[in-house]
Structure formats: structure tokens, C-alpha cells
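Enquirer: Note that the protein sequences, when read in sequence, are chains A, B and C.
With our numbering, letter number 167 in the first sequence gets 167, and the count goes up by one each step, no holes.
With our numbering, letter number 9 in the second sequence gets 9, and the count goes up by one each step, no holes.
With our numbering, letter number 482 in the third sequence gets 482, and the count goes up by one each step, no holes.
Source of the hints: derived by calculation from the structure; they are not laboratory data.
Any given hint might turn out to be false.
Within a straight-line C-alpha distance of at most 25 Å, the following computed DSS-like cross-link-like pairs (lysine-lysine) qualify [to be verified]:
1) K411(C) / K64(B)
2) K64(B) / K528(C)
3) K480(C) / K6(C)
If you only want the chain C side, here are some residues facing chain A, beta carbon under 10 Å, derived [as the list claims (entries may be wrong)]:
4) L99
5) A100
6) L111
7) I162
8) G165
9) V170
10) H173
11) T203
12) T218
13) F241
14) L479
15) K480
16) A533
17) R536
Note that CB positions come from ideal geometry on N, CA and C, so glycine has one too.
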Amino acid sequence: MSDSSTIVQGATAAVHHEHPPYQRHHFETIGQQNDATNFAMWLFLLTEIMFFGGLFMAYLILRNWYYPAFVAASHQLNIGWGSANTAVLISSSFTMAMGVWCAETRRKSGLVLALVATFLLGLVFLGIKSIEYTEKIEKHHVPGFHYSVKSFVDPASDPDVAEYHDKPLAPDMAQKTELYFFLYFAMTGMHALHMIIGIAILGFLIVRASAGAYTTGHVTFVENFGLYWHFVDIVWIFLFPLLYLISRHQ
Amino acid sequence: MPHISPVLWQFLVKWMTNFALFPPEASRIAPQMDALYFFMVLVSLIGLTIVILLLTSFSILYSKKRHPVAVQVEGSTLLEATWTIVPLGLFLVMFVWGALIYFRVYTPPANAMNIYVVGKQWMWKAEHPGGQHEINSLHVPAGRAVQLTLISQDVFHSFSIPAFRVKREAIPGRYTTVWFEATTPGTYHLFCTQYCGTEHSHMIGDVVVLSPDDYKKWLASSTSGASLAQNGERLFASLSCNACHNTRPDARGPNLANVYGSKLRLSNGQTIVADEAYLRSAILNPSQNVMQGYAPIMPTYQGQVSEDGVIALVEYIKNLNSDYRVQQTTNTTELLPTNEGKAAPAGQKATGSTPAGQGMVKQ
Amino acid sequence: MNYLSKENGLLSWLLTGDHKRIAILYLISISFFFFIGGALAGLIRLELLTPQSDLMATDTYNKVFSMHGIIMIFFFLVPSVPATLGNFFIPMMLGAKDLALPKINLLSWYLYIAAGILALYAMITGGVDTGWTFTTPLSTHYVNTNVITTGIAIFIAGFSSIFTGLNFIVTIHKMRAPGMTWFRMPLFVWAHYATSILMVLGTPVLAIALVLVVLERTVGIGVFDPAKGGDPLLFQHLFWFYSHPAVYIMILPGMGVINEVISTFSRKRVFGYTAVAFSSVAIAVFGFFVWAHHMFIMGISNYSVLVFSLLTMLVAVPSAIKIFNWAFTLYKGSITFETPMIYSFGFMGLFTIGGLTGVFLGTSGTDIHLTETYFIVAHFHFVMVGGMLMAFLAGLHFWWPKMTGRMYPEKISQFAAVVTFIGFNFTFFPQFILGMLGMPRRYASYPQEFQVLNVFSTAGATILGVGYLLPVLYLTWSLKYGEIAGSNPWQATGLEWQTQSPPLTENFVEIPIMDHEVYDYEWLERQKEKEVASVR
């Protein structure tokens with residue numbers, strides 16, 4: 001067994017002395033570190049797309065099968081709350097982007113302000129979502145929990161859908177609205193879960209940012225979180241039309 | 001050799017006497033599938049031999065003792081192209097050959113006689129058009145194309161007859177079909193091959209292939225008195241389907257005569273062929289495909305009719321079809337040339353005895 | 001001073017960011033799960049010794065084979081080579097100090113452990129009897145076992161696998177040493193790159209399918225429930241969209257190992273390096289478009305069967321290319337037959353059989369007869385056990401000196417490799433014949449006439465078990481008593497061999513420069529001459 005030790009030539013003396021404190025030991029340069037974490041975040045978002053992709057697939061197939069049920073059920077959603085939430089989320093994306101900019105330009109108080117605004121907007125979104133969920137619970141539109149098809153076999157009894165002049169659905173088709181609401185809760189629930197995780201991380205970011213952590217040049221964490229936040233926003237931008245809007249004209 | 005253990009000896013005897021490489025070939029498709037199978041075995045053996053020869057000969061020729069210094073070889077486009085194209089070509093041959101067989105197995109001939117099979121945890125129930133029921137067994141005549149229309153009442157099952165080389169999943173909520181023509185009378189294994197829960201391995205039975213004469217005798221002896229279509233007719237009446245589906249001009253539902261196999265125009269403008277799947281869905285999910293000119297007022301029968309009941313109804317509606325009846329009659333005449341309506345009164349009776357044109361619901 | 005001796009104490013392991021230590025943690029945990037899965041396999045084979053279900057009741061048997069599948073696939077095969085050997089050697093082969101995201105790497109191990117504990121908890125408190133495939137509506141409405149707990153366990157394990165794959169992709173893109181171009185990367189790294197793509201894009205689809213199953217079980221209604229208008233075939237599509245690529249996750253890293261071993265022990269550059277590299281990527285890409293070949297008899301459209309069957313044929317070609325390229329790597333080499341090489345020969349033979357029998361199943365016509373029988377069981381065990389496990393053992397022996405600094409005992413390990421090969425063939429070859437004869441898989445009892453072949457199989461499994469126990473014993477022994485290995489006992493060319501054994505925490509004293517082609521044995525000779533000259 002030969003024992004020739006390191007026989008590869010070393011790289012030309014690496015820049016060992018000029019490390020910023022936040023550079024991790026295994027990266028050669030801070031640029032490499034930023035690149036790597038950024039790339040990792042994009043890959044993670046790719047997995048998220050595949051994750052939500054499964055749900056969208058299920059939605060498209062079942063919508064195609066039970067079109068009348070999906071139309072009638074989507075009339076149950078409150079377009080006002082939905083639009084408000086869309087506005088809230090888009091604003092939160094704006095404040096998030098401002099936060100990233102503040103971090104890059106090393107404005108500590110601006111960063112904290114932007115993050116707090118994003119945090120609050122996130123909470124507003126969840127608040128509105130919970131109002132919508134409560135409505136569904138009251139009307140027995142939660143699948144598996146005393147689900148009632150009354151609004152669909154007898155739309156006249158339900159003031160919410162009066163404006164659409166929906167014809168009553170036959171009982172067998174009305175049952176399929178339960179599938180719509182299953183998907184509604186699964187999709188918005190998964191989205192809300194991502195929001196909750198995001199808000200939790202935001203809380204952590206706010207604490208660290210007010211200690212001055214991200215305004216000394218180390219912005220990748222804020223930047224990558226921003227990517228995540230925008231992604232969650234974009235998912236909603238797809239969910240909102242699919243669940244609320246595309247049946248409006250019916 | 002008495003000095004080896006008697007148990008081992010018996011074991012070896014058993015092996016030598018029962019040894020088989022493939023199950024009996026008892027259907028028309030079996031030899032065709034085996035031909036492809038053995039072609040693939042041959043190709044695989046040749047391929048494996050080549051790999052083993054290469055590995056052993058190189059290992060011997062270029063072992064360190066014989067060949068102390070390696071000669072670096074980059075690769076060879078020609079060689080690599082060879083072992084890309086040759087396997088690809090062979091695989092494509094298998095693909096085409098296999099696809100031909102696949103289409104044959106799942107494309108029943110027009111004159112096949114149809115048997116319904118319902119899978120449920122953990123038994124198979126076969127429903128013959130003559131009204132004969134069987135649990136975990138299936139009697140079929142030799143030399144006659146038999147189509148199976150399968151459905152499951154609960155979970156996925158799979159109807160497998162190794163001796164026929166056919167298999168089809170029985171799926172909840174939709175019909176699947178498969179067909180075969182048995183060639184050799186005998187008793188063969190019937191397995192459920194899709195894992196379906198606790199007693200999966202007990203969901204087995206026998207497929208009994210009978211000569212046409214024996215089959216006729218079996219039909220006669222196992223009749224339940226009414227054909228499947230007659231059962232359907234009874235069910236049709238007891239569910240009051242005829243309240244709407246009748247021939248009166250002001251009928252609220254479409255007339256079902258000659259509906260089977262026809263092209264229907266739906267209220268959403270699409271056209272659809274009324275096959276078994278459509279008829280089933282029209283009973284269980286009536287509002288999904290409403291015929292043009294009719295209001296979606298039919299209630300669903302989901303939960304009120306079992307899969308067996310739906311099958312009886314579908315068979316009844318199919319029998320309202322004069323063409324279908326003619327076809328069945330032709331089939332029956334082929335099968336029962338001499339004693340139609342006597343030795344097998346219920347066997348094919350619904351098809352033979354109800355005069356064409358009056359198959360509508362009697363008011 | 002090396003990565004093992006740098007710090008001591010349990011915490012220094014549990015909080016480590018060092019990819020090598022995490023690899024060791026993984027090695028210990030997957031071995032643990034392998035032996036649990038193996039014990040369950042032993043129970044299966046014992047039950048199948050006789051035609052009746054006499055050792056255990058059918059529902060016990062169902063739980064045993066379900067847990068065997070779940071543990072072996074999600075807790076052994078998927079993480080086996082990537083999370084241990086890949087984790088350990090990808091950074092070293094690239095000349096990096098660590099994976100790009102060490103904390104994520106550690107998180108991935110914790111997720112794996114959490115998932116594993118949850119799965120074991122589910123197993124102890126009643127088990128699960130859906131098979132590893134969780135077929136709906138059986139899993140959602142017809143069984144009363146721990147589907148939810150197991151589903152969550154696999155969901156978590158899935159994220160562990162996603163994070164591993166993600167880490168590898170980032171590392172391979174961003175952490176290569178100077179001069180390490182894409183086509184100077186060892187093929188082991190290429191194989192892991194392809195694997196990682198599958199992990200990152202496939203696993204989330206399994207995750208969402210399992211979420212929907214869990215939801216459907218919880219609320220009693222869902223998109224897979226045919227009684228309420230759902231589509232059980234949708235589950236099949238989502239499940240196999242992951243689980244077919246998953247079989248490539250389970251074999252590609254093994255192929256990567258074989259490249260390194262064959263090249264090293266025949267002293268030759270891998271024949272047709274580029275073709276082998278691209279064939280890995282081709283398998284990964286085509287692998288995403290063949291999932292419905294698991295559904296040929298489920299009543300999907302005949303024409304989609306055509307498409308999926310054709311694509312399956314295409315995915316078989318890159319595997320054939322690899323086999324021949326490995327065989328020709330031996331050509332004009334200078335071959336020695338150490339244990340890793342014996343395992344690799346075993347791999348090539350068994351994987352050839354496993355791959356070719358896969359063509360039987362990808363061919364739509366013969367699939368009708370062979371699917372859902374023991375033929376398919378034999379096929380995927382030839383690929384997974386004959387392929388991946390052989391490759392794992394080849395890699396483990398190959399890199400053992402690097403990981404531990406000690407040699408394993410050569411004679412007994414060669415013996416173990418041969419025992420494994422013989423035992424494996426005895427166990428699984430009869431199952432091909434059983435399958436052709438029509439014996440269905442997942443049967444606790446079976447018709448009398450299948451017994452003889454089943455007895456062969458069980459006898460073989462006993463030999464196989466011995467073959468797997470031996471390495472545990474002698475490898476553990478070698479930790480203390482093995483010969484000191486030195487930095488490059490095999491005279492291999494990979495960068496991982498050009499540093500001390502066991503390596504330093506940061507792998508290299510200085511970041512190496514890749515100034516030569518990969519598998520360049522002449523460069524290695526020149527380096528040695530230089531060194532001798534410099535000593536003089």
C-alpha cells in the first residue's frame with residue numbers, strides 16, 4: 001500500500017485573509033456563497049412548483065369532469081374577500097422587495113419597517129382567509145364535516161348565490177361540490193401553511209434585522225426569503241383565478 | 001438413491017415431475033404471447049452470454065499477471081454506436097410485437113359473448129347473460145370468444161388467468177374489458193393479482209373450460225330461472241324507471257330502445273357513444289351527461305343499486321336494442337344449433353324469446 | 001488529526017456540519033433500517049416456505065411485506081448510496097471542502113431520523129398493510145391500519161431526500177475546484193447529478209399524493225374516492241410519477257460506484273466517458289416519462305400504452321450502453337480482483353438480467369401476463385438488490401480505507417461477496433419462473449405446485465442473509481484491527497484519494513487544482529515519479 005500523501009498541487013494562495021465574517025468556511029469567496037445559496041433557493045422553489053403541480057392537476061381533471069358543480073361551488077366564494085387578499089399579498093410582495101432593497105443599500109430601519117409591514121400584511125391575509133373559512137364552516141361547506149348540498153340543490157335558499165341565478169343542481173352533481181371544496185381547502189390550506197411558515201421566518205428575520213444582521217452586506221438570507229415570499233404570492237396569483245374567478249361569467 | 005434424506009428425495013421427485021417453465025397454453029393468445037416471451041428470453045440469453053463472455057475473457061486476457069501495464073483506450077464511436085443501435089433495434093422489435101399482442105388482448109371481436117365480472121373484497125362474482133351466477137369460478141365454452149366486462153365494488157382487483165395469459169384490473173367506478181378464446185377444456189387458476197387487502201391471497205378460484213356440449217349442460221343446470229336482462233327488467237320496474245323512460249309522447253325521460261351503441265347528443269352540445277360505461281354513469285351520475293331536450297331531473301341511484309344491479313340494468317337496456325338482440329341471437333344460434341330455448345331455457349332466453357321491437361317496458 | 005479525531009463527544013457528531021460525519025451518521029442509520037427490512041424479508045420467505053399461510057395470519061403477512069417494502073425503499077435504497085457515499089465523496093471528488101449547504105445536509109439527516117422513528121412507531125403500534133404503493137381506495141377507505149402515520153413518515157423522508165438532491169445539484173454546479181470542468185468530473189458525480197434531478201423534481205409529487213391520501217383518510221372524502229366521484233387512477237398517476245423515477249434514484253448512484261471501481265481495478269479510463277455521463281442524464285430525463293408503464297392493465301387508453309411502452313424501450317438503451325462500456329473498460333486493462341471488483345462483476349451480471357427482464361415488462365404484450373406476479377418481484381429485486389445493494393457494498397469496500405483509514409480483511413470479504421452472489425441468485429432466480437407460471441405477488445398462501453421453487457427461494461435467502469451479516473462483522477472488526485490503509489491504497493485517480501485517510505475536516509490541506517483529465521492513470525504515475533524525485 002503506497003502512502004503518497006497529498007500530491008495535488010494547491011491552488012494559488014486563496015484569499016484566506018479577506019473573509020467577511022458571514023462567509024462560511026467551506027466557500028472560497030463570498031460570491032460563490034451567494035451564488036450557491038441563491039441557486040439552492042431556486043431549486044427549492046422548483047420542488048414547490050412540482051408539489052403544487054399535483055394539486056393543480058387534480059383540480060383541472062375534476063373540474064373538467066364535474067364542470068357544473070365546480071361552477072356552482074365557486075360561486076360560493078366571496079370575490080370581495082378574494083380580491084382584497086390578492087391586493088394584500090401583492091402589497092406584501094412589494095414591501096418584501098423594498099426590504100431586500102433596504103438590506104442591499106444597508107438601511108437598517110427601512111429593512112425592519114419593510115419586514116414588519118410584510119409580517120402584518122401576511123397576518124391580514126391569514127385573517128381574511130380565516131373569515132372565509134368560518135363562512136364555509138357555518139354553511140356546512142367543509143368536506144367530511146356535516147357537508148350540506150343545500151346551497152346547490154336549492155340555490156334560492158342561499159342569498160350568496162342569488163346574484164348568479166344558478167339553476168339548481170341535480171343531487172348527484174351537487175354532491176360533487178364536495179370535491180371542489182376538498183380541493184379548495186387542500187389548495188388554500190397548503191398555501192396558508194406556506195404563509196404561516198413564511199410569517200414565522202419573518203418574525204425571526206425582524207428580530208435579527210433589528211439587531212443589524214442583514215445591513216452589513218450579508219443580504220442573501222433576506223434575498224432568498226424574498227424569493228420564497230414572492231413564490232407563495234405567485235401561487236396565490238394562480239389559485240385566485242382558478243378558484244374564484246374563472247366561473248364568474250357563468 | 002435411498003441414502004439421501006427421504007424428505008429431500010420426495011422433494012426432488014416432486015420437482016422433477018412437476019417442473020414447468022410456463023403454465024399450460026389454454027387460450028388462442030397464449031401461444032402467441034409465449035412466442036414473444038421466448039423470443040425475448042432468447043435475446044436476453046444471447047445478450048447475457050455476450051456480457052459474461054466479454055467480462056470473463058477480458059478478465060483472463062487482461063488480468064494483472066498477464067497484462068501488467070494497461071493500455072489506455074479512449075472509446076470507440078463505432079463500437080458504441082453498435083451497442084446503442086443493436087439493442088435499440090431489438091427493443092423496438094419487441095415493442096411492436098408486444099403492442100400487436102396488447103391490442104389483440106384488449107380488443108374484443110364483435111361477436112364475443114359477454115360475461116360480467118364483479119370483484120369485491122374478497123371474491124369474484126361472474127354474471128352470465130343467461131342469469132347464471134358464479135362465485136370464484138368462471139365457466140366458459142372452448143372455441144368461443146368470451147369477453148369479460150369487469151368492475152370492482154370496492155378497491156382495485158385484478159382478474160388474472162395465467163393459463164390464458166390474460167389479466168385485467170377490476171377498477172371501482174369504471175368498466176374494463178378483456179377477452180379470450182379458450183382452446184383446451186380443463187380447470188385453470190383464477191387469481192386476484194392486485195393487492196386488495198387482508199384476504200387478497202384467498203381471492204382465488206377456478207376457470208373451467210368446457211366443451212360446447214358440456215357448456216350447454218352447465219348452462220342448463222345452473223340457471224337461476226331468469227336471465228340477466230330479465231333481472232334487469234324486474235329491477236327497472238321496481239325502481240319505477242318506467243315512470244319516465246317509456247314510449248309515451250310526453251315521457252320525461254328518453255326512450256331507451258336502441259339507445260345502446262347509438263350516438264347521443266348531450267345538453268352541452270357534445271356527442272357521446274352510449275356504451276356500457278355511459279349507461280352505468282347515466283344511472284349513477286345522471287346529471288353528468290344529460291341528453292339534449294331533457295331536463296336534468298333524474299335522481300341518482302348511487303347507493304340504491306349495487307354494481308350487480310347496475311349490470312342487470314345495463315344488460316336489460318342493451319337488450320332493448322334490436323340489433324344487439326339479433327347479434328346475440330346469431331351468437332346463440334351458433335352456440336346452440338339444435339335445442340334453442342329448450343335445453344337451455346334461460347341460458348340465452350332473453351335474447352332469443354323476446355320478440356324484437358317489443359322489448360320496451362311494459363306498462 | 002482527521003475528521004474523526006478532530007472533536008469528540010456525541011454532540012460534536014449530532015451538531016456537525018461536516019459532510020463526512022453526516023455520511024457516517026447516515027451509514028449507521030441506513031444499516032439499522034436495512035437489517036430491520038431484512039428481518040422482515042426473512043419472515044416473508046419463511047412464510048412462503050409452505051403453501052398455507054401457517055406461520056402468520058394473512059393480515060400479519062400483509063403488514064410484513066408492506067413494512068418490508070416501505071423500509072427498504074424509503075429508508076434504505078433511496079438514501080443508501082447518495083446519502084452515505086455520495087455525501088462523503090462528492091465534495092471530495094470535486095475538490096470542495098464541504099457540500100454547499102452543510103446545515104441543510106444535517107437537517108436532511110434529522111428529517112430522515114424523524115421519519116424513520118415515526119415509521120417504526122407506526123410499525124410497532126399496529127403496522128400498515130397497504131403495500132408500499134398505498135393504492136387508493138384501499139389505503140384511503142378500506143384498511144384500519146396506520147396509514148396516516150406511515151404516510152407522514154414517508155412525506156418527511158421525502159423532504160430529507162429532496163434536500164440531499166438539492167444540496168448535490170448546488171454543490172456540483174457551484175463548488176467545483178479550479179480546473180474541474182463538467183467533463184473532468186468522475187462519473188460517480190455525474191450519476192449523482194442525474195439522481196438529484198430525479199429527487200428534486202419527483203419527490204414533491206409523491207409528497208402531495210400522500211398529503212391527499214392523508215387528508216382523504218382524515219375527512220373521509222377526497223379526490224381519489226370513486227364512490228364520491230373522485231378518480232383512483234389519478235393517485236396511480238401521481239404516485240408513479242415519483243415512484244418510477246424513484247427506481248432510477250435507487251440504481252443510478254449504484255452505477256456511479258461501478259464506474260469508479262471498474263476503472264480503478266483495471267487501471268483504465270472508463271470506456272466512452274461521455275457516453276456514460278450522458279446516459280445517466282438520459283435515464284433521468286426519459287425516466288420522467290415512463291411512469292404509466294405501471295398501469296398497462298389498469299384500463300388506460302391503448303394509445304397511451306403505446307407511447308409509454310415505446311418510451312420505456314428508449315430508457316432501456318442507456319442502461320445497455322453502460323453495461324457494454326463497463327465491459328470494454330476492462331479491455332487492455334490490467335485487472336485485479338479485490339472485493340469491490342468482485343461485487344462489481346456481480347452487479348454487471350445481475351443488473352444485466354434485471355435490466356433485460358425489465359424489457360419484458362415494458363413490452364406491453366408480455367406485461368399483461370407478467371405484471372403483478374413474482375416475475376416483477378424478481379425483476380426489481382435483481383435491479384435493487386442485485387444492482388444497487390451490490391454496488392453499495394462494492395462502494396463501501398472500495399472507500400472503506402478512505403473513510404476509516406483501515407483496510408478491510410481481503411480474503412473473508414471476497415468470500416462474502418461470492419456468498420452474496422450465489423445466495424442472491426438462489427433466492428431470486430426461481431421467482432422469474434414462478435412469475436411466468438403465474439404466481440401472484442403479495443400472496444400469503446399459494447397453490448401447491450409453486451412450493452418447490454419457493455423452497456429454493458427461501459433456501460437461497462438464508463445464504464443471502466449470511467452474505468450480508470459477514471460484512472457487518474469484519475468491517476466492524478477492521479475499525480480496530482484492520483491494516484492501516486494509507487492515503488491511496490488502490491492507486492486510484494480521484495481527488496478523494498489524493499489526500500490523507502481518513503481525510504481532514506476540510507478534506508484538503510489546500511484546494512486542489514484539477515490540471516488533468518479524469519481517470520488519468522498516467523498522470524498518477526507522473527505524480528509518483530515527481531514525488532520520488534523530490535525526495536531524492
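Enquirer: Hint by hint, say whether it matches the structure.
Expert: Going down the list of hints, with the structure as the test:
no.: 1; hint: K411(C) / K64(B); verdict: holds (18 Å)
no.: 2; hint: K64(B) / K528(C); verdict: holds (20 Å)
no.: 3; hint: K480(C) / K6(C); verdict: holds (18 Å)
no.: 4; hint: L99; verdict: holds (8 Å)
no.: 5; hint: A100; verdict: holds (4 Å)
no.: 6; hint: L111; verdict: violated (14 Å)
no.: 7; hint: I162; verdict: holds (5 Å)
no.: 8; hint: G165; verdict: holds (8 Å)
no.: 9; hint: V170; verdict: holds (5 Å)
no.: 10; hint: H173; verdict: holds (6 Å)
no.: 11; hint: T203; verdict: holds (7 Å)
no.: 12; hint: T218; verdict: holds (7 Å)
no.: 13; hint: F241; verdict: holds (8 Å)
no.: 14; hint: L479; verdict: violated (17 Å)
no.: 15; hint: K480; verdict: violated (18 Å)
no.: 16; hint: A533; verdict: violated (12 Å)
no.: 17; hint: R536; verdict: violated (15 Å)
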